[in-house]
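Produce the entire structure from the sequences given, and follow the hints as far as they go.
Taken in sequence, the protein lines are chains L and U. Its first residue numbered 1, the first sequence is counted upward by one per residue in our numbering. Its first residue numbered 1, the second sequence is counted upward by one per residue in our numbering.
Since the hints were made in silico from the structure, they are not lab data. Hints are supplied without guarantee of correctness; some may be wrong.
Stated by the list, open to error - Below, computed lysine-lysine pairings styled on BS3-like, alpha-carbon distance capped at 25 Å:
| # | chain 1 | residue 1 | chain 2 | residue 2 |
| --- | --- | --- | --- | --- |
| 1 | U | Lys393 | U | Lys332 |
| 2 | L | Lys81 | L | Lys6 |
| 3 | U | Lys463 | U | Lys95 |
| 4 | U | Lys192 | L | Lys81 |
| 5 | L | Lys6 | L | Lys202 |
| 6 | U | Lys192 | U | Lys95 |
| 7 | U | Lys280 | U | Lys332 |
| 8 | L | Lys137 | U | Lys393 |
| 9 | U | Lys332 | L | Lys137 |
What the hints assert, rightly or not - Quick look at which bits of chain U chain L covers, simulated, 3 or more residues with Cβ under 8 Å:
| # | stretch |
| --- | --- |
| 10 | 163–175 |
| 11 | 191–200 |
| 12 | 323–336 |
No experiment lies behind these values; they were computed from the predicted model shown. No residue lacks a Cβ here, since even glycine has one placed at the ideal position from N, Cα and C.
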Amino acid sequence: MRASPKLPVTVIGGYLGSGKTTLVNHLLRNAQGRRLAVLVNDFGGLPIDRDLIEVEDEELISIAGGCVCCSYGSDLTDALKRLLRAQARPTHVLIESSGVALPIGVASSVSLLQPYHMIGVTVVCDASAILELSRDKYLADTITAQLEGADLILLNKTDLVEPKTIPAVVEWLYRLAPGIPIVPTLQSQLPIEVVLDINPVKPATLPNTGFHDTSFYQTAHVSVSEPVDAMGLAGALTDARLGVLRAKAILRDPAGSIVQLHVVGRRWDISPLRSQQPHCGNLVTIGIGPNADQQHIERLVRHYVCARPVQ
Amino acid sequence: MINIFQARKIVTMNPSNPTATHVAVSDGRIIGVGSYEDLAGWGEHTLIDDFRDRVLLPGFVEGHSHATEGVFWQFTYCGSFARTDPNGRLWPGVKTARELLDHLAQAETATHDSVAPVTGWGLDPTHLGCGPIHRSQLDQVSRQRPIGVMHASVHILNVNTRALELAGLMRQGIDHEGIPLDSDGYPTGELKGPGAYGPVAPFVGFDTTRQLSDPEGLRAFGRLCIRKGVTTATDLANPLPADTVARMRDVIDAADYPVRLVPFCLFQGAAASPFCERFKGLVQEGSERLRIAGIKVLLDGSIQGFSARLRWPGYYNGAPNGLWYTSPHQLKELLLIALGEDLLLHIHVNGDEAIGLALDLIEEALHERPRRDHRITLQHCQMADAAQFRRMKALGLCANLFVNHLFFWGDQHHATTIGPERAARINACATAIANGIPLSIHCDAPVTPLDPLFTAWCAVNRKTATGRVLGAEERLNVADALQAVTLGSAYTLRLDHEIGTIECGKRADFAVLEDDPTEADPARLNEVPVWGTVQGGRIFPASEA
Chain L
1 MRASPKLPVT VIGGYLGSGK TTLVNHLLRN AQGRRLAVLV NDFGGLPIDR DLIEVEDEEL
61 ISIAGGCVCC SYGSDLTDAL KRLLRAQARP THVLIESSGV ALPIGVASSV SLLQPYHMIG
121 VTVVCDASAI LELSRDKYLA DTITAQLEGA DLILLNKTDL VEPKTIPAVV EWLYRLAPGI
181 PIVPTLQSQL PIEVVLDINP VKPATLPNTG FHDTSFYQTA HVSVSEPVDA MGLAGALTDA
241 RLGVLRAKAI LRDPAGSIVQ LHVVGRRWDI SPLRSQQPHC GNLVTIGIGP NADQQHIERL
301 VRHYVCARPV Q
Chain U
1 MINIFQARKI VTMNPSNPTA THVAVSDGRI IGVGSYEDLA GWGEHTLIDD FRDRVLLPGF
61 VEGHSHATEG VFWQFTYCGS FARTDPNGRL WPGVKTAREL LDHLAQAETA THDSVAPVTG
121 WGLDPTHLGC GPIHRSQLDQ VSRQRPIGVM HASVHILNVN TRALELAGLM RQGIDHEGIP
181 LDSDGYPTGE LKGPGAYGPV APFVGFDTTR QLSDPEGLRA FGRLCIRKGV TTATDLANPL
241 PADTVARMRD VIDAADYPVR LVPFCLFQGA AASPFCERFK GLVQEGSERL RIAGIKVLLD
301 GSIQGFSARL RWPGYYNGAP NGLWYTSPHQ LKELLLIALG EDLLLHIHVN GDEAIGLALD
361 LIEEALHERP RRDHRITLQH CQMADAAQFR RMKALGLCAN LFVNHLFFWG DQHHATTIGP
421 ERAARINACA TAIANGIPLS IHCDAPVTPL DPLFTAWCAV NRKTATGRVL GAEERLNVAD
481 ALQAVTLGSA YTLRLDHEIG TIECGKRADF AVLEDDPTEA DPARLNEVPV WGTVQGGRIF
541 PASEA
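Take a look at the structure:
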């Protein structure tokens, strides 16, 4: 019996009003054939834009393109199990955690479930509200713990603050959560591959988000036929100075096994794959900043190529 | 048709007519209370003298319980204190780890299906004089079938190796705050918090969705109520998913169901407005005996689980502060709708920081949507200090204090969680009364046993399990404690016009006792025997429950 491949899961966290729901809708709108399953804490607040909804009942919203949205209430484990019994199996699961939940806690609970594969925690924060929230008498520690547990931070609503105050917000975030990439966004718009799965053989096509020009994001694609020290490479790719937000690779390791490498911000994960992978020896990345370009990434990969493959 | 019940004494809890010997009942309601001569004037009647040697009190009203206690008795009781099951059998409790394992082994032998789980509940290792239970200990009971034992707090689950294997957790490399590992990297079998035990719970017999409306569980809960003199009980945190109310009504509307059940719909999500719309629909689905009364919302966790939100200086043992379960902005939104539409809201708060946040939000919401007599109730409200009680009074709040904690966790609160000073004013009943706050006290079954006379005893004596008196100044007198488990809790449910005292016009709900608790030694208030109940005029002897 062949086990079905594990379902990738992304947790989206952040306080109320930060733009989590906007991000989810952006991802659904640009799913490009992916069948996304969205789990929200409660159904009530219309988590999905009206025009995307095909059918809606008390338990489930069906969305254009084979995507679905359901609520998980107090039992996330049960909701994830029910998802596995769905007629059309989703290709990616997004969990929108509640405003005061610690997304990292949700992620570690998901990691206990064998059929799922936790790939990253994205925390959205409202650039115009985060500094005030960080001083709130009741919420300060919760807000900071949410950010500290992120793999990737979206600094959203950057249009609502004076441009000259953004550096202060960014500096505060850097101090609070060193090593976690910060992506400035407007209305949670970003290349969906930063959050979702990414095709390992083809660089992401970067849409013009209307906020950044297309040159804001850097993509790279490297082919490598030799075995690679995947763990070393993973460590290097998650170094925030490089500016890589998302990477995926299918590589042969020095022991001869084929492994899959996922990077989301500062989180990496290496898992073994069955042999006979058509895309073995490929890495793609999306990043921001001058160091995440094709040339730098290529050089980096060469550095982790193992000179003498083990036969 | 009028039945006149004769009793040795009727303690009415109605100050204008405090005691009587007879109560006349027609159509499930009280038509009169007084002497036989007073009541005979109502006309043709039958005299029922079964209670001529017994004492009637208003039927007890449990203001914070969960009907899942009835389901839990389908499993093996593993608590350390003696507890009576729905059929009246007294389980002595397990005092050592060895006794726990022997007890589970007996349950294992009695389970015929060779792959069925052995399921236990009510465990508290702090009372067993041992450290955390390890899966290897439960493996001694069985290595073949899954075993799971839920803690009394309902926050931790101990499982054996087989249960971990079935859930795919018997492996190395697990990185989860709630899952401690052995030095070899495998889980110890202790799973802390729903996030950690969620994947395993179904394999060891805990199926939470089914448990919300399990018919056998509801019937068992009804039998427990009869044994303890309870005629109205809350089911205080039921999410009431589709069809739950209909399934509950199938059981509860039956002619022989002995309790008025009062579910509160659990708010656990994002948007208050559609939730409240759904809630208003649910209210219409109820019946005389199944009252969908209000909305429950959780703001923080528990003190003994270190998930309650505490103000400075925090936990006595230095544990980090607890967790918020609902965003302040969501609670504010919910408060505004509840006040605007006159929906009853009960808020779970344990730590003093959570109490402070609730008070701030209620104050803001009342400023925007003033309403008198809203009966917003702070549930548990364990760590409230005098200043917070004064604010509660100013805002018109009710308190339902978790006094059973004094006995079951009082020693831990003193030594570990919040330290001697704050432990001495935990569940500060006397301060609440002194400030004129409508007061209820509760058990939170299945967390602690459903037994209002025991709950009243806790408030009167404030004794811990080891016999320490925790804050003598906060003790209640017997009359106030009895009021808190009758009219006091009825008031928080907006049912005080119907139940909570024995007087003309109210439901004929009585606790039938063998002795008079108002005359009993206050130190032995919990030992007053319960004969059974009368609910809606129907007689329910405990001996036949």
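Against the structure, the hints come out as follows:
{"no.": "1", "hint": "Lys393(U) <-> Lys332(U)", "result": "holds, 20 Å"}
{"no.": "2", "hint": "Lys81(L) <-> Lys6(L)", "result": "holds, 13 Å"}
{"no.": "3", "hint": "Lys463(U) <-> Lys95(U)", "result": "holds, 19 Å"}
{"no.": "4", "hint": "Lys192(U) <-> Lys81(L)", "result": "holds, 20 Å"}
{"no.": "5", "hint": "Lys6(L) <-> Lys202(L)", "result": "holds, 22 Å"}
{"no.": "6", "hint": "Lys192(U) <-> Lys95(U)", "result": "holds, 22 Å"}
{"no.": "7", "hint": "Lys280(U) <-> Lys332(U)", "result": "holds, 19 Å"}
{"no.": "8", "hint": "Lys137(L) <-> Lys393(U)", "result": "holds, 23 Å"}
{"no.": "9", "hint": "Lys332(U) <-> Lys137(L)", "result": "holds, 16 Å"}
{"no.": "10", "hint": "163–175", "result": "holds (count 5)"}
{"no.": "11", "hint": "191–200", "result": "holds (count 5)"}
{"no.": "12", "hint": "323–336", "result": "holds (count 8)"}
When the structure is compared with the earlier hints, no violation turns up for any of them.
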